[in-house]
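**Student:** Each chain is listed here by its residues.
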Amino acid sequence: MNPAVTAIQVLLFPGLSFILSYTLYAEWLSRKTVARLQNRVGPLHTGWQGILQPLADFIKLLVKEDITPAAAQANIFNYTPLIIFAIPLASTFLIPIQSITNLWGYEPVAAFEGDLIIVLFLMSINVLAVFLAGWSSGNLFGAVGATRVALMMLAYEIPLGLVAISPAIMARSLSIVKIVDWQATSIQSFLAAPTLPGILLGLVMLIGFVIYAVCLLAELEMRPFDMSEAETEIVHGWQVEFSGVKLALLNGGHNIKMVLAAGLLTSLYLGGPTGPILPPVVWFIIKTSVCVIILSNLSALFARFRIDQMVEGAWKYLVPLAVLQVMATVALSGVI
Amino acid sequence: MSDRQFVIPIGPQHPALKEPESFYFTVDGETVIDVEPRIGYNHRGIEKAMEVRSYIQNLYITERVCGICSNAHQTAYTGSVEEVAGIEIPERAKYIRVFVQELERLHSHLLWLGVAAHEIGFDTLFYYVWRDREIVMNLLEEISGNRCNYAMPTIGGVRRDLNKDNFPRWQKMIDTVFERTEYYIKVASTEQTILDRAVGVGYLGKSDMIKLSGAGPNARCSGVPCDIRKLNPYLVYDQLDFEHIVVDNGDVLGQVLVRALEVLESCKILKQVMDKIPDGEIRTNFGPLSRIPEGEAAYLVEAQRGELIHYTISDGKNMPYRHKIRAPTLANLPSLVERLKGGYIADIPIVLAGIDPCFSCTDRMAFYDEGKDKKWSWTENDMRKYRTEWFEK
Numbered sequence: 003m004n005p006a007v008t009a010i011q012v013l014l015f016p017g018l019s020f021i022l023s024y025t026l027y028a029e030w031l032s033r034k035t036v037a038r039l040q041n042r043v044g045p046l047h048t049g050w051q052g053i054l055q056p057l058a059d060f061i062k063l064l065v066k067e068d069i070t071p072a073a074a075q076a077n078i079f080n081y082t083p084l085i086i087f088a089i090p091l092a093s094t095f096l097i098p099i100q101s102i103t104n105l106w107g108y109e110p111v112a113a114f115e116g117d118l119i120i121v122l123f124l125m126s127i128n129v130l131a132v133f134l135a136g137w138s139s140g141n142l143f144g145a146v147g148a149t150r151v152a153l154m155m156l157a158y159e160i161p162l163g164l165v166a167i168s169p170a171i172m173a174r175s176l177s178i179v180k181i182v183d184w185q186a187t188s189i190q191s192f193l194a195a196p197t198l199p200g201i202l203l204g205l206v207m208l209i210g211f212v213i214y215a216v217c218l219l220a221e222l223e224m225r226p227f228d229m230s231e232a233e234t235e236i237v238h239g240w241q242v243e244f245s246g247v248k249l250a251l252l253n254g255g256h257n258i259k260m261v262l263a264a265g266l267l268t269s270l271y272l273g274g275p276t277g278p279i280l281p282p283v284v285w286f287i288i289k290t291s292v293c294v295i296i297l298s299n300l301s302a303l304f305a306r307f308r309i310d311q312m313v314e315g316a317w318k319y320l321v322p323l324a325v326l327q328v329m330a331t332v333a334l335s336g337v338i
Numbered sequence: 004m005s006d007r008q009f010v011i012p013i014g015p016q017h018p019a020l021k022e023p024e025s026f027y028f029t030v031d032g033e034t035v036i037d038v039e040p041r042i043g044y045n046h047r048g049i050e051k052a053m054e055v056r057s058y059i060q061n062l063y064i065t066e067r068v069c070g071i072c073s074n075a076h077q078t079a080y081t082g083s084v085e086e087v088a089g090i091e092i093p094e095r096a097k098y099i100r101v102f103v104q105e106l107e108r109l110h111s112h113l114l115w116l117g118v119a120a121h122e123i124g125f126d127t128l129f130y131y132v133w134r135d136r137e138i139v140m141n142l143l144e145e146i147s148g149n150r151c152n153y154a155m156p157t158i159g160g161v162r163r164d165l166n167k168d169n170f171p172r173w174q175k176m177i178d179t180v181f182e183r184t185e186y187y188i189k190v191a192s193t194e195q196t197i198l199d200r201a202v203g204v205g206y207l208g209k210s211d212m213i214k215l216s217g218a219g220p221n222a223r224c225s226g227v228p229c230d231i232r233k234l235n236p237y238l239v240y241d242q243l244d245f246e247h248i249v250v251d252n253g254d255v256l257g258q259v260l261v262r263a264l265e266v267l268e269s270c271k272i273l274k275q276v277m278d279k280i281p282d283g284e285i286r287t288n289f290g291p292l293s294r295i296p297e298g299e300a301a302y303l304v305e306a307q308r309g310e311l312i313h314y315t316i317s318d319g320k321n322m323p324y325r326h327k328i329r330a331p332t333l334a335n336l337p338s339l340v341e342r343l344k345g346g347y348i349a350d351i352p353i354v355l356a357g358i359d360p361c362f363s364c365t366d367r368m369a370f371y372d373e374g375k376d377k378k379w380s381w382t383e384n385d386m387r388k389y390r391t392e393w394f395e396k
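One line per chain: the protein sequences are A and B, in this order. Quick note: the first sequence uses this note's numbering, first residue 3, plus one each step. Quick note: the second sequence uses this note's numbering, first residue 4, plus one each step.
Keep in mind that the hints were calculated from the coordinates and are not lab data. Worth double-checking, as some hints may not be accurate.
Claimed, not checked - Label pairs and their in silico Cβ distance ranges: (1) 174(B) - 318(A): 48 to 58 angstroms; (2) 325(A) - 150(B): 54 to 64 angstroms; (3) 69(A) - 209(B): 46 to 56 angstroms.
Note that the structure is a prediction, hence the values are computed from the model and not measured. Ideal Cβ placement from N, Cα and C applies to all residues, glycine included.
This is chain A alone, in the form it adopts within the complex (with noise of 0.2 angstroms):
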C-alpha cells in the first residue's frame, strides 16, 4: 500500500483527526440528547448550540492543575489515564468507516481476519486499566469504585461477547468487515426476496442489538449501570483523585469508548456503514449517531441500580438470553 495513503488514513481521515472530533460531536449529542430528555437545555453558548462545549472542556481541563496524591502510587496511577485514552482509540481503527481510495468502499485502517476478537479483547484489557487507576488512586471511593467496575465486568463481559459472536457465526468470518458485507449482501437479497427465516432472523438479531446495547451502556459506565463513578455514594468512585491532564484524558477515553460502542453496533447489527445513496462515511455518522442516542436515551431512562441488582439480573436475565440468542442464529444459520 502507498505510505502516503496509509500516513493519511492514520492521522487525518477516517484516522485520529476524525475520530477525535467525532468524539467531541457524539459527547455534545449525548449531552444534548440527555439534557432535552431531563427538561433541561444542556450545552448551549459555545458554538452553534454548544457543539463547541465539548471542545472547551477538554482544553479547560488540559490547563487545570495536575495532582498526584501522596497516597497514590503514582507510576500506575500517572500512565493508566494515558492507557485509557489509548487502548479505545486504537480499536476504533478496526471499524469500518471510510476507505480513502474508492468513495463506496469502507476498509478499515487496519484489517485482518479476527479483529472482532482484537477489539473485545481490547475492551476487556481496558476494564482493567480503569480498575488499577481506581486502586493505584490510594482512595477509599477511588478502591470501592476500583471493584466495582470488575464485579461489573463479571456480570456484564459473558452476554457481551456471547452477542458479539452471533454475527460472526451468521457471516461465518471473525472479521468485521466480513461480517459487513455479509449483512449488506443479505439485506439486499432479503428485500429483493423476503423469506420466512430471513424474518425470524431479523427478529433474533434485534433481541442480539437490545442486548448488546444494555451491555455496552454497562461497558461505557452510564446510567444505569454507573454505579462505579456514583456521585451520591462513592463521589465519583475509581475518577476520584484524577485531575488536569488525566481527567482530561480519562473523558476523552469516555467519549472514544462510546463512538467504539455507537461503531461496533451499527458494524455488527445495523449493516455497518453500507447504505443507499450515501457514502459510507454519512451512513456511518447517522447510524453511530442513533446509537448514540439510543444509549443516551437509555440512560436518562432508569434509576441506578444497586451493584448486586446489577450482577444478579445480569445473571438471570442477560446469559441466558444471550445463549438463548446465540443458539437460535446457529439453528438459523443451517437454514440459511
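Given chain A's structure and the hints, the job is docking chain B onto it.
**Tutor:** For chain B alone, kept in the frame of chain A given last:
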C-alpha cells in the same frame, strides 16, 4: 470487631449530605453493622443569641434556623410568644399563615422528592420534580416577595395580605402541581428501577418507630399517626378538611408515598383556604412588646419534617429569658440509625436522605465524658476563655 469489619467515615463533607454532619459506619463487606452519628458541625448558637435580642428581632433569627422550614419556625415562634403575651390574632391572619405554611410544605416535599430521586441516580425525575417545584416557588415569591425566608408571620398576625383577584390564577397553578404529583406517584409506584431501590430499603416497623419516637413523615411511613395538624390542631386546621396520611410500608417507598400524598392533601388545603378565607384585619394592635407578662408557653407545629416545638420562657422583659427549639430531625436521628443498620453501603445515601435531614435545625452542643459519664455545657464566658486561649496558642 472481626477482620472483615472496618469503619467508613461519611461526612462531614460528602455529596449525599447537603449539610455538614458526620457518620461513622462500621461495615462488614457491603453490609452496615453499626452507625455512629456525630452532630455539631453546624452549630450557630441560635438559642443563646435569642436571649439577648428583643422579640421582634428574634422573628428574623428564628426564620433563619433553616432555609427550607423557615415559615414553620416563624409560625411556632410567633405562636409561643403570642400565647405568653395573651395576644389573639385575627381569623384572616390564621388563614394566611396556613396558606403560606402549606405552600412551604409543597415546595419542601417536592424538593425532597427530587433529592431522593437524585440519591438513587434518577436525575431525570429530579429535574422534572424541581421544575414543577418552581411553580410553588414563584407563587411564594408573588405572595411574600421572597423565594425563601418569606417573613410572613409577625407577632399579632401576618405582614402581607393576599389579594383575592389572584385566587383563580393561583388555583390553576396549584392544580398543575396536583396533577403532576399524581403522575409522580404513579411513576414512583410502578417504575421497576425505583422499586428495586426503594422497597424494603431502610425498613423500620411500627413498634420500633414508637419506641424510638420518630416524627413527621419518617414516623408516618411506618404506620404511626403523628400529624400535629390532626392530633393537636393549631391555627385553623380543625376547620379544614384533609386526610391524615399514614402508610405502613416502613421503607423508602413509604417515605416517598407519605410525602407525595401529603402534597396532594396540601393542594386541597390551599383550595379550601382560598374558598373560606374571611375578610378583615391581618394584624392586631397589641401595644408595645416591652410589657410582655411573665410566663411560659410551648407551641407545636407540624413542620414539613415533623413535629416542631418552640418553648418560650418570659421573665417580663422585652427579650425571652429562654427559648428552646426542638427540631424534628433531632427526633428522627435514633430511628435513622436503626434504618441504616443491616442495609447495604449503596443504600446509605437514600436512607440518609429519607428522613429529610436538616442538620442546621438540629445541631446542639454539649460536652460528654464517656469514661466518667459526665455531662456539662459551656457558658458564654467559658467560650470566650477557650477562644482567647486557642488564639494565643
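**Student:** All hints are to be evaluated individually against the structure, with a verdict given for each.
**Tutor:** Verification of the hints:
Separation of residue 174(B) from residue 318(A) is about 49 angstroms and conforms to the stated range, judged on CB atoms against 48 to 58 angstroms. For residue 325(A) and residue 150(B), the Cβ-Cβ distance of about 56 angstroms falls inside the hinted range of 54 to 64 angstroms, so the restraint holds. The hint said 46 to 56 angstroms for the Cβ distance between residue 69(A) and residue 209(B), and at roughly 51 angstroms that hint holds.
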